[in-house]
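Modelling step: build the complete structure from the supplied sequences, incorporating the hints.
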Amino acid sequence: MKRSGHGLLIILLAVLAALMLLSLCLGRYAVPLREVLRILLSRFTFVEQTWEAGMSAAVLNIRPPRILLAALVGACLSIAGVSYQGIFRNAMAAPDFLGASSGAAFGAALAILLGLSSAGIAVCAFCFSLLTVALVFFVAQRAPGKRAANLILAGIMVSSLFSAGTSYIKLVADPSSKLPEITYWLMGSFSGKTWHDVRFALPFMLLGTVPLFLLRWRMNLLTMGDDEARAMGVDANRLRLLVVVCATLVTAASVSVSGVIGWVGLVIPHMARRLSGNDYRKLLPTTLLLGAIFLLAVDNLCRNLLAVEIPIGILTSFFGAPFFLALMLKKEASL
Numbered sequence: 001m002k003r004s005g006h007g008l009l010i011i012l013l014a015v016l017a018a019l020m021l022l023s024l025c026l027g028r029y030a031v032p033l034r035e036v037l038r039i040l041l042s043r044f045t046f047v048e049q050t051w052e053a054g055m056s057a058a059v060l061n062i063r064p065p066r067i068l069l070a071a072l073v074g075a076c077l078s079i080a081g082v083s084y085q086g087i088f089r090n091a092m093a094a095p096d097f098l099g100a101s102s103g104a105a106f107g108a109a110l111a112i113l114l115g116l117s118s119a120g121i122a123v124c125a126f127c128f129s130l131l132t133v134a135l136v137f138f139v140a141q142r143a144p145g146k147r148a149a150n151l152i153l154a155g156i157m158v159s160s161l162f163s164a165g166t167s168y169i170k171l172v173a174d175p176s177s178k179l180p181e182i183t184y185w186l187m188g189s190f191s192g193k194t195w196h197d198v199r200f201a202l203p204f205m206l207l208g209t210v211p212l213f214l215l216r217w218r219m220n221l222l223t224m225g226d227d228e229a230r231a232m233g234v235d236a237n238r239l240r241l242l243v244v245v246c247a248t249l250v251t252a253a254s255v256s257v258s259g260v261i262g263w264v265g266l267v268i269p270h271m272a273r274r275l276s277g278n279d280y281r282k283l284l285p286t287t288l289l290l291g292a293i294f295l296l297a298v299d300n301l302c303r304n305l306l307a308v309e310i311p312i313g314i315l316t317s318f319f320g321a322p323f324f325l326a327l328m329l330k331k332e333a334s335l
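For the sequence shown, our numbering gives the first residue as 1, with consecutive numbering after it.
I should point out that these hints are in silico values taken from the structure, not numbers from a laboratory.
Model, not experiment: these values are computed from the prediction.
Heads up, a few of these hints could be off.
[Unchecked claim] Per label pair, the in silico range of CB-to-CB distance:
hint, residue 1, residue 2, range
1, A17, L306, 26 to 34 Å
2, A321, P175, 27 to 35 Å
3, M224, A17, 13 to 21 Å
4, L325, A149, 46 to 54 Å
5, P175, A143, 33 to 41 Å
6, V47, M157, 37 to 45 Å
7, D227, A326, 27 to 35 Å
8, M271, S191, 33 to 41 Å
9, F323, R89, 18 to 26 Å
10, T45, E228, 51 to 59 Å
For glycine and all other residues, C-beta sits at the position ideal for the given N, C-alpha and C.
Structure representation (structure tokens):
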């Protein structure tokens, strides 16, 4: 059932705000909602302290960067997925469509093998993610045939090469130290994330997200085909290139700080379409908010479901795989 655009966005914003507030309460060290509100208010006005020092540290320093990063990554992976699905007119397109995730995985594995710091791992993953997509474009431009089809085929090929490289790094890594760290990174997690990670990823996320929002009405033309876009005075190839660059940038920024998190960019856009329809002017903001809500909710489950934290990529796959199967069996899978 489709709601009016503004009403739907207000509802999703309210849900996201409530979920972020609830997330401050949840964790190994539970903090009552009343104390969370008092701690937050104490930053702006005088409030008599009734909470323990550990509660204040959890609410103000430890949990906020993780919560914000989970919401940002969910939003970015979702809008990257919906952008790819629109410009390639392929309902199965996802943020790693052109190999961004495979490149990031290789870069992170290489950085861990070399013993780099967490900041070095993020930078290396980000750079290799962009390098992978640049290589895909290089191959696609020099291959005969349609550019859109070439991009998809080149993405599959280059992704396979970098995946093989990652497998080799895991083979030669120290099985007692490096290999477990690589494996854990590849499963995705927000554990231990700090404001440094937010400051690293946020500028690139904004640099990719803002143009996508400004171009969202033009994406409607690409979903109708290149000929229709040209008839409306839009250069389809140039627009497709710009959207791919922006979607790749937000994907690379996201994966570099979260690890490989699958299915979000595939599942959330289809959920958003059922709520807002196919008009990208409404679909893109709906997808962004829904993605933030989804990944933040899953991260809360990862933190609290078991005594040991579950890598978030496991749970997103658990939810995403059945949805993918249902998508394949329905006619709605085509754009």
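Evaluated hints:
1. A17 to L306: 26 to 34 Å: Taking Cβ atoms as reference, A17 and L306 lie about 27 Å apart, which means the hint holds.
2. A321 to P175: 27 to 35 Å: holds, 29 Å
3. M224 to A17: 13 to 21 Å: Given range 13 to 21 Å: violated, Cβ gap about 36 Å.
4. L325 to A149: 46 to 54 Å: violated, 26 Å
5. P175 to A143: 33 to 41 Å: Once the Cβ atoms are compared, 40 Å apart, the range 33 to 41 Å for A143 and P175 holds.
6. V47 to M157: 37 to 45 Å: For M157 against V47, whose Cβ atoms are near 59 Å apart, the range 37 to 45 Å is violated.
7. D227 to A326: 27 to 35 Å: Holds, since D227 and A326 (Cβ atoms, about 32 Å apart) stay within the stated range.
8. M271 to S191: 33 to 41 Å: The hint (33 to 41 Å, Cβ to Cβ) is violated, given that M271 and S191 are roughly 26 Å apart.
9. F323 to R89: 18 to 26 Å: holds, 20 Å
10. T45 to E228: 51 to 59 Å: holds, 56 Å
Violated hints, listed in ascending order, are 3, 4, 6, 8; each of the other numbered hints is respected by the structure.
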